[in-house]
Amino acid sequence: MDVAVIGAGVVGALIARELSRYELDVCLLEKADDVAMGTSKANSAIIHAGFDCQPGSVMAKMNVRGNAMMDQLTRELSVPFKRNGSMVLAFNEEDVRTLETLLDRGVKNGVPGVRIVSGDQAREMEPNISGDAVAALVAPSGGIICPYELTIAAAGNAMDNGVRLHTGFEVTDAEFSDGVWTLTSAAGDRVQANYIVNAAGLFSDQVAALMGDDGYHVFPRRGEYLLLDRDQGKMVSHTIFQCPSAMGKGILVTPTVDGNLLLGPTSENREDREDTATTAEGLATVARLASKSVPSVNLRAVITSFTGLRSCSSGHDFIIEPSKKRPQLVEITGIESPGLSSAPAIAEYAVSLLKEMGLALHAKADFNPIRRPIPRFREMNIEQRRALIEEDARFGQIICRCETVTEGEIVRALHQNPPAHDLDGVKRRTRTGMGRCNGGFCTPQAVEIIARELGIPIEQVTKCGGESRLLVGKTKEGGLDA
Amino acid sequence: MREISAEMERELVIIGGGPAGLAAAIAAAENGVAVDDILILEREPELGGILLQCIHSGFGLHRFGEELTGPEYAARYAKKVVEMGIPALLSTMVLTLHQMEDGRKEITAVSSAHGLIRIKARAVVLAMGCRERGRGALNIPGTRPAGIYTAGAAQKFVNIKGFMPGRQVVILGSGDIGLIMARRMTLEGAKVEVVAELMPYSGGLSRNIQQCLRDFNIPLLLSHTITQIHGKERVTGVTISQVDEKRRPIPGTEQYFDCDTVLLSCGLIPENELTRQAGIPLDPVTGGAVVGENRETEMPGVFAAGNVLHVHDLVDFVSAEAELAGAGAARWLAEGDSQELKLPVHPEGVIRYVVPQTVFLPAKEDVRLFFRVGQVVEKAAVLVENDGKVLYKGVRPKLLPGEMESVTIKAEALAEIESGQLTVRLEKR
Ligand SMILES: Cc1cc2nc3c(=O)[nH]c(=O)nc-3n(C[C@H](O)[C@H](O)[C@H](O)COP(=O)(O)OP(=O)(O)OC[C@H]3O[C@@H](n4cnc5c(N)ncnc54)[C@H](O)[C@@H]3O)c2cc1C
Ligand SMILES: Cc1cc2nc3c(=O)[nH]c(=O)nc-3n(C[C@H](O)[C@H](O)[C@H](O)COP(=O)(O)OP(=O)(O)OC[C@H]3O[C@@H](n4cnc5c(N)ncnc54)[C@H](O)[C@@H]3O)c2cc1C
Numbered sequence: 357m358d359v360a361v362i363g364a365g366v367v368g369a370l371i372a373r374e375l376s377r378y379e380l381d382v383c384l385l386e387k388a389d390d391v392a393m394g395t396s397k398a399n400s401a402i403i404h405a406g407f408d409c410q411p412g413s414v415m416a417k418m419n420v421r422g423n424a425m426m427d428q429l430t431r432e433l434s435v436p437f438k439r440n441g442s443m444v445l446a447f448n449e450e451d452v453r454t455l456e457t458l459l460d461r462g463v464k465n466g467v468p469g470v471r472i473v474s475g476d477q478a479r480e481m482e483p484n485i486s487g488d489a490v491a492a493l494v495a496p497s498g499g500i501i502c503p504y505e506l507t508i509a510a511a512g513n514a515m516d517n518g519v520r521l522h523t524g525f526e527v528t529d530a531e532f533s534d535g536v537w538t539l540t541s542a543a544g545d546r547v548q549a550n551y552i553v554n555a556a557g558l559f560s561d562q563v564a565a566l567m568g569d570d571g572y573h574v575f576p577r578r579g580e581y582l583l584l585d586r587d588q589g590k591m592v593s594h595t596i597f598q599c600p601s602a603m604g605k606g607i608l609v610t611p612t613v614d615g616n617l618l619l620g621p622t623s624e625n626r627e628d629r630e631d632t633a634t635t636a637e638g639l640a641t642v643a644r645l646a647s648k649s650v651p652s653v654n655l656r657a658v659i660t661s662f663t664g665l666r667s668c669s670s671g672h673d674f675i676i677e678p679s680k681k682r683p684q685l686v687e688i689t690g691i692e693s694p695g696l697s698s699a700p701a702i703a704e705y706a707v708s709l710l711k712e713m714g715l716a717l718h719a720k721a722d723f724n725p726i727r728r729p730i731p732r733f734r735e736m737n738i739e740q741r742r743a744l745i746e747e748d749a750r751f752g753q754i755i756c757r758c759e760t761v762t763e764g765e766i767v768r769a770l771h772q773n774p775p776a777h778d779l780d781g782v783k784r785r786t787r788t789g790m791g792r793c794n795g796g797f798c799t800p801q802a803v804e805i806i807a808r809e810l811g812i813p814i815e816q817v818t819k820c821g822g823e824s825r826l827l828v829g830k831t832k833e834g835g836l837d838a
Numbered sequence: 178m179r180e181i182s183a184e185m186e187r188e189l190v191i192i193g194g195g196p197a198g199l200a201a202a203i204a205a206a207e208n209g210v211a212v213d214d215i216l217i218l219e220r221e222p223e224l225g226g227i228l229l230q231c232i233h234s235g236f237g238l239h240r241f242g243e244e245l246t247g248p249e250y251a252a253r254y255a256k257k258v259v260e261m262g263i264p265a266l267l268s269t270m271v272l273t274l275h276q277m278e279d280g281r282k283e284i285t286a287v288s289s290a291h292g293l294i295r296i297k298a299r300a301v302v303l304a305m306g307c308r309e310r311g312r313g314a315l316n317i318p319g320t321r322p323a324g325i326y327t328a329g330a331a332q333k334f335v336n337i338k339g340f341m342p343g344r345q346v347v348i349l350g351s352g353d354i355g356l357i358m359a360r361r362m363t364l365e366g367a368k369v370e371v372v373a374e375l376m377p378y379s380g381g382l383s384r385n386i387q388q389c390l391r392d393f394n395i396p397l398l399l400s401h402t403i404t405q406i407h408g409k410e411r412v413t414g415v416t417i418s419q420v421d422e423k424r425r426p427i428p429g430t431e432q433y434f435d436c437d438t439v440l441l442s443c444g445l446i447p448e449n450e451l452t453r454q455a456g457i458p459l460d461p462v463t464g465g466a467v468v469g470e471n472r473e474t475e476m477p478g479v480f481a482a483g484n485v486l487h488v489h490d491l492v493d494f495v496s497a498e499a500e501l502a503g504a505g506a507a508r509w510l511a512e513g514d515s516q517e518l519k520l521p522v523h524p525e526g527v528i529r530y531v532v533p534q535t536v537f538l539p540a541k542e543d544v545r546l547f548f549r550v551g552q553v554v555e556k557a558a559v560l561v562e563n564d565g566k567v568l569y570k571g572v573r574p575k576l577l578p579g580e581m582e583s584v585t586i587k588a589e590a591l592a593e594i595e596s597g598q599l600t601v602r603l604e605k606r
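In the order they appear, the protein sequences are chains A and B.
Heads up, this note's numbering is the position in the first sequence plus 356, with the first residue counted as 1.
Heads up, this note's numbering is the position in the second sequence plus 177, with the first residue counted as 1.
No lab work stands behind these hints, which were simulated from the structure alone.
One thing to keep in mind: the hints can contain errors.
Said to hold, decoys possible - Under the rule of at most 27 Å between Cα atoms (straight-line distance), these lysine-lysine pairs were calculated in the DSS-like manner:
#1 A/Lys397 x B/Lys409
#2 A/Lys590 x A/Lys648
#3 B/Lys423 x A/Lys648
#4 B/Lys423 x A/Lys832
#5 A/Lys830 x B/Lys605
#6 A/Lys830 x B/Lys423
Okay, chain B solo, but in the shape it has when bound (with noise of 0.2 Å):
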């Protein structure tokens, strides 16, 4: 490994080593850039993210064909990285990220190891992931007792330190890993009460929703949100009330619950300060950058890929995405932007978003379009047209606004391209 110094160049700096960290600069590797010329940053002390603290078993389905834990499938590209000799910073947390003058990107990072840190680096991979929002996010009203934990925090707190934050549990929100903790929480021999949900519909894969509630009997209450928080010092109770259509609690079913733990599990938000700090244009909807196939952002030489770029619900996706990112940044380091054309992707209805959000002609390769739906919609069919041409035709039987769609363009048809943009909408069967 080279040397770690106070001021250091590379050609390739990758910003997180979870898996999507992981998998780009193993790609990255892969593609033609010399592994000593790479380096991941990761602020735990620990290659993996997020993925350490899901001790259950539902991950690589799709990459390995077998049902992995968090851990094993993060091993697997760890290992991977360590053996290739890709160097790795560990217990570094990257602070700030610009670009210079001469376009290359300047990123401070700093560890008790090796203090601060300033590295010039040519292409960067952002795969920082996501936090979960937290209480405030959420405006609850009520008192500011103990108790309140969003369910990744819960996670850490029983999976990696061994211990229980309650015994008593109300959950609010269906995300998967609300879900999981739910599941988590009961098998520890703690009582789930309940399970609110502010929408009509869970925001959490149905899997989850089967194994994690239905087989231990807790009840999921959908169009329900907490409207009070109740206990001085540590929670005793909540009030949830069924909301209406436009999400307003409607009064008059308010229903009490005690309990000595909330947890929120209401939505992953990627964690993009330094994308926003270093100027880069982020998707409104999304919370992510702005990219192209090749997980390109609006800043050239800057790559995102994972949670950081939007909200996965599987990590064999992530995996593939950030595959994409590293693999992308190896070829801009030799070929630099070779693109003649950038076609814009527009949803349209009630596709809420879809990644990559520009396309870049002419294409070498089919190109996948991966979409969430803002509703539940029944059997409907995924066009993908341009000026009216239909490039892309499949039907689904169910979308579901918890499960990343997603459908593959053919290299051909997008060569016959010239112009104007391309559009996902859904149509009714």
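For reference, chain A alone in the conformation it holds in the complex (with noise of 0.2 Å):
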């Protein structure tokens, strides 16, 4: 290998599509089952305007360059994101005073259109914000994306321009000799390569450790969120935040790109880097906190609950650099909210840093931007439907019926760039029991597509890999293969 890339969250993921242009031999290395399992997959999937980082800050370069990138990535990978613009509201002096610096910042850090109105004005451009709230902060580049579809889609270009993707790779030894760094996974695999670029999140800390450079110390921060309903998803068409504090950009009330309206984050400083487990207290304070945005904000309509892990470094900055201690690898970390935003950027200066340390560029003339998508029966008219069915029969099959799901797309989930593995991923690239009803309707039938796609026995079929399987065997008398 020329590169392999460790982790495949949305910023390992764009670093492999931006190393498929050149001509190289590049895997991308990921322990959990299916990419976009990490931070990239929980989080409140905003490409942020950028007004929030300190002036000269490598944050405030990526978000801002990784915000004017978006448009024409996700259009090349078929992504849905929507310039929807970000609103701060502000309830007192001391806010208003805060919306003032974050202008400042804007300003110095090249946000297009920032600027403040009053709350009437506000109100006006979105009428479900609180009353009390005196003035607000607007940013029309800030915008929202499906942050997993965008690390899945990402991965899946790469994929299709030869880059090999191994799931289940966690790299638990490295070793550096004769210029070849040799990578072993846990179940001991081995992979080489040249060059290494370590995008492992949360573990990028222990991951660079053990490839000999202790100089870095991630620590998670937990954010608790609640999803509501479609019904709820127009309460407001801005992202609507509170006044940001050293624990992170407080909460926000947004729609997200599929319809439903999302609530959160907590904020809260946690030693377990696994722990996604939702609490009671957290789940009251988004409830609480979100209320105070958006009154009328019908908290009954929660269809899901979630937690992310920020992956914070103490200097409160991005992190990419050469190590400082071992050859031929790069090193990121630290890429805290806003990581998604920055992500295309971070891929670009990722492959830069690798060039300058002598990694040959040559363009490869077959490269392909552009994802062929899964079809999304639930968005498309009569005709481009009929068309579809016409084409493939099992476009005509509902399976998930809150999200209007079809076989064909689940099917196209399974073996399409990345291919699932398991319901989770499969839920992912198909919104698969998304829905209202939890998945209690299309779970067995979608599991039977999985076992019959995979060519693996139903019991074997995992929510999302490792221990997760399912069912745990046959009834008495049942028990049918499919």
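Both chains are sitting in their own frames, so use the hints and assemble them into the complex.
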């Protein structure tokens, strides 16, 4: 291999795609069963405008550049992205001063169109926000995206262009000799590469350490969310923030690209890097603070809750640099929010670092930046639907009734790059089971399709890899294999 | 059968081929709608609805005076539909429902066999059934491992697919499906540790508590709920806490139960996406459309029956209600709207809702009002009044939230009413 990228979050996936533009052997190593299983799966899904970052920081540069790159990137990858604009509410004098600081930073960071409006003007734009808001900062370049879809699409497009994805590859050992890195997985598999990019997110410090560079420390900061039904999705059109604090950007209320309403996150430092359980207190805090921004939000319309873990560094800035201790290694760490927004710029920058470090980049003549998406039956008009079913009758079979997902889409999710291996993988690619019934109706059918397409017994189908099997065996007289 | 094409016209389209849809179709045909003018659209490959997975017996006691299994009960109606020659499109899911400018309804549906079809119908019966409340709606904190199912999904795995979702089970909620699954899983060799119910009473039928829990020594913890789910990949256990009168967990009452499976049986929600899409007004309490005694919704020509209208415990009542809707649709197709006065029906006090929500006058027949109470009530009289005048009074020894009640108002009593509303209330004895 020329390059091995460790970690298939949004950063690693976009780096792999960036590298796939060139005549290089590249692999993407991911410990989980699928891409986007870390922080890139559970976050606020905002493409931040960039007014929150300290001027001059790496973060500010990456955020504003990443934001500007999103239109073309999402068009090429067919990922839903919408510039719905961001709005930060001020409820008192102190908040108003914060808005002024943000405006000043925004201008310095080169954020287009950022401005402060009065409370009434804000309510004219967003009738459902609180009557207590006295002013608001508006940034039209803020956007919303589906973060795991971006990651899946980037990894898929990278694979279409020759990158090899190894899921279930947890790097546990690394050795450098004769100018080549050898990475060993927990299962004992080996990969050799000239250059390594460490994009292991929350675990980037540990991965750096096992490669002999112990100069980093990442600590997790939990954020809990509530996701509401589509009937609440039009409550606001902008992403509504409260004033940021040292702990984060505050509780936001935002529509999602899928038309739901998202509330959160909390912000809490914890030691455990894998604890994504939600808590009663956390969810209550989200509900309380979100109502402060949008009092009429119907909290009974919750369809799910989840927790994300930010990977923070003590310097509160992104670190993207050649390792100071080890050769042929790029370290990417401390990618907290706005890491999603910045990811395309981080990828571009990381590749430029590799070039400076000696990696030869020759453009690939047949690089195809366009990804063929899984058709979305739900979003098509009658004629498009008719044509699709004509082509493949499996698109006429609805499996998930809440989200109108067809068998054809599920089959595609199981075969198209990067292929799903489990129920959650299918869910993230197609929205099967993501609706208001939480998969009550479609899980049995979806499990059958997965078993059939992967050629495995039904009992071996998992929710998310590992020991997460969905069924434990046959009934006394049952058990027809699909 | 008339030809199926991409663009069709029909007098009556029935959405959903469960017990409600089937009974409505039969009643419509028996009341004069030509069978070729009717079309049943059913999402599943078979007629029968949720009954197909209810392989236990206990269906049809009221209707047929005998105990049938769910599939047997469904088969009686499905057979009749076939014998009468009423056409049904299976594996066909309705995607949209809209009223057109000329008052007809446009329905789009999709299937592998026929692709996307568009039907213009004069009348429609909504019979889409209901769905179960899932984990998200319950907002249970904790991890998100495999092994959490709604009781109905587990029922489908066990009864239809022949697979066990787990071996050591905790059930949240004492709705009927959960109770039935407690017994089913036990019979299949699984250990059901406990059933936890948030409310101080069970939401299920008394007979199911006896036959599915007590007979198997499965403990039922009332006023308890799951406060945490444990396990990274597969469920490893749950924490259950007692709750106070406001249903808040009481600190210090936590108990831990080992389990690999959590089944949720926390209520059913009428499946009214299409209804909402069409702009038909819903009753916030039932979650179903607002209807008159013929089960016509507020949109002329659209009728609703069965679990899509309000959640029933017994399928016998579903069939009876659907017959009203089917006959109502037939009459509407022949005569249009004929009533002169629409009398609203109001539940009072502990009565949560009454279906129908309106009664049309002059009444041609006796009217049966169905209702549920919001708490357990011992010995009370049910009163139906108009302007202080008592139209019905009857004593019940006990009323339970889990069991639907009904009263019948005589047509003669209704004939005297000129205005106002009907109120339904309880009087403690
Ligand atoms: C609560 C919250 C809200 C946020 N909101 C926003 C927002 O609105 N906008 C925004 O721009 N950003 C936001 N962020 C930040 C953003 O989500 C992250 O910056 C971004 O997802 C980081 O991506 P990543 O690829 O670096 O990390 P990850 O997605 O965590 O990817 C790292 C990958 O490495 C894998 N890995 C780890 N160790 C190993 C190993 N040893 N071997 C192989 N693979 C390994 C992991 O499994 C994982 O898949 C938010 C973050 C959180 C937590
Ligand atoms: C587990 C369980 C146990 C029960 N136990 C008993 C019992 O012991 N005794 C008893 O008497 N009753 C029992 N019942 C109640 C009884 O089964 C139900 O009340 C009855 O099935 C409801 O009939 P329905 O036609 O309204 O709904 P359903 O049976 O749910 O039928 C609705 C039909 O509509 C279809 N549909 C929905 N949406 C669409 C669409 N968009 N396009 C096309 N088709 C659609 C569905 O596929 C389904 O077939 C039980 C119910 C359950 C779920």
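Evaluated hints:
| no. | hint | verdict |
| --- | --- | --- |
| 1 | A/Lys397 x B/Lys409 | 16 Å, holds |
| 2 | A/Lys590 x A/Lys648 | 17 Å, holds |
| 3 | B/Lys423 x A/Lys648 | 24 Å, holds |
| 4 | B/Lys423 x A/Lys832 | 43 Å, violated |
| 5 | A/Lys830 x B/Lys605 | 52 Å, violated |
| 6 | A/Lys830 x B/Lys423 | 41 Å, violated |
Violated hints for the displayed structure, listed by number in ascending order: 4, 5, 6.
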